[in-house]
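Participant: Residues per chain, in single letters:
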Amino acid sequence: DQQVKQNSPSLSVQEGRISILNCDYTNSMFDYFLWYKKYPAEGPTFLISISSIKDKNEDGRFTVFLNKSAKHLSLHIVPSQPGDSAVYFCAASAVGNTPLVFGKGTRLSVIA
Amino acid sequence: DTGVSQNPRHKITKRGQNVTFRCDPISEHNRLYWYRQTLGQGPEFLTYFQNEAQLEKSRLLSDRFSAERPKGSFSTLEIQRTEQGDSAMYLCASSPRTAGPYEQYFGPGTRLTVT
Chain A
1088 DQQVKQNSPS LSVQEGRISI LNCDYTNSMF DYFLWYKKYP AEGPTFLISI
1138 SSIKDKNEDG RFTVFLNKSA KHLSLHIVPS QPGDSAVYFC AASAVGNTPL
1188 VFGKGTRLSV IA
Chain B
3 DTGVSQNPRH KITKRGQNVT FRCDPISEHN RLYWYRQTLG QGPEFLTYFQ
53 NEAQLEKSRL LSDRFSAERP KGSFSTLEIQ RTEQGDSAMY LCASSPRTAG
103 PYEQYFGPGT RLTVT
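One line per chain: the protein sequences are A and B, in this order.
Position 28 of the first sequence, counted from 1, bears residue number 1115 in this note's numbering, the numbering being contiguous throughout.
Position 100 of the second sequence, counted from 1, bears residue number 102 in this note's numbering, the numbering being contiguous throughout.
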């Protein structure tokens, strides 16, 4: 049973446009959500996070939105750059600092 | 480079052999995690240390797997009697004591191929 779902395996976006990556979760005990970026032959790199007490967190070109009632979060990247091309993983942790649960990832390709 | 390091980066072994991987976390990070990632999947949690104490183990961690962190610094993950299904990327991550454990910093991983 997948508790964190990223239903889009891949996404292609033109340079300069907005990239929107989506993530759904099923466990209502999750209280912290993170996005990681992964380049080939490297480990995942922490990108941005959001606590369940917030509905938005912004860091430069990256914004994460959380809709608790829908159990949905999204990562917005604007403007998208070719260097953003990578696999993006959504992850969640439950109350009590449980280990991270990851989605399967979405491969983002930003086309120049 | 002060990031998480893992050795070896690649390991090819024959079925039935034992393998051991090493992880050196970021200095002063007291929490250390092992994950396994197979093709098309996200990282899956295996086990977690706080200092030298192993606090949690996933049901994915069969009896053939053992992890240690003897002095609360580096960690090793050993797989005995490897099987082809053990082929995966093994990732190590660490987290500092001054922050919540959520923000974990990952190493480059060790890719294991069992033939």
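Hint data in this document are derived by calculation from the structure and do not stem from the laboratory.
Remember, predicted model here, so these are calculated numbers, not experimental data.
There may be inaccurate statements among the hints.
[Claimed, not checked] Computed list of lysine to aspartate or glutamate pairs in EDC-like fashion (alpha-carbon distance at most 16 Å, straight line):
1. K1092/A - E80/B
2. K1158/A - D1171/A
3. K1158/A - E1102/A
4. K13/B - E80/B
5. K13/B - D88/B
6. K1191/A - E80/B
[Stated by the list, open to error] Covered stretches of chain B, as calculated for chain A (at least 3 residues, CB under 8 Å):
7. 39-50
8. 106-116
Backbone N, C-alpha and C define an ideal beta-carbon position, used for all residues, glycine too.
Participant: None of the hints should be skipped; say for each whether it holds.
Facilitator: Here is how each hint holds up against the structure:
no.: 1; hint: K1092/A - E80/B; verdict: 30 Å, violated
no.: 2; hint: K1158/A - D1171/A; verdict: 26 Å, violated
no.: 3; hint: K1158/A - E1102/A; verdict: 29 Å, violated
no.: 4; hint: K13/B - E80/B; verdict: 12 Å, holds
no.: 5; hint: K13/B - D88/B; verdict: 12 Å, holds
no.: 6; hint: K1191/A - E80/B; verdict: 25 Å, violated
no.: 7; hint: 39-50; verdict: holds (count 7)
no.: 8; hint: 106-116; verdict: holds (count 6)
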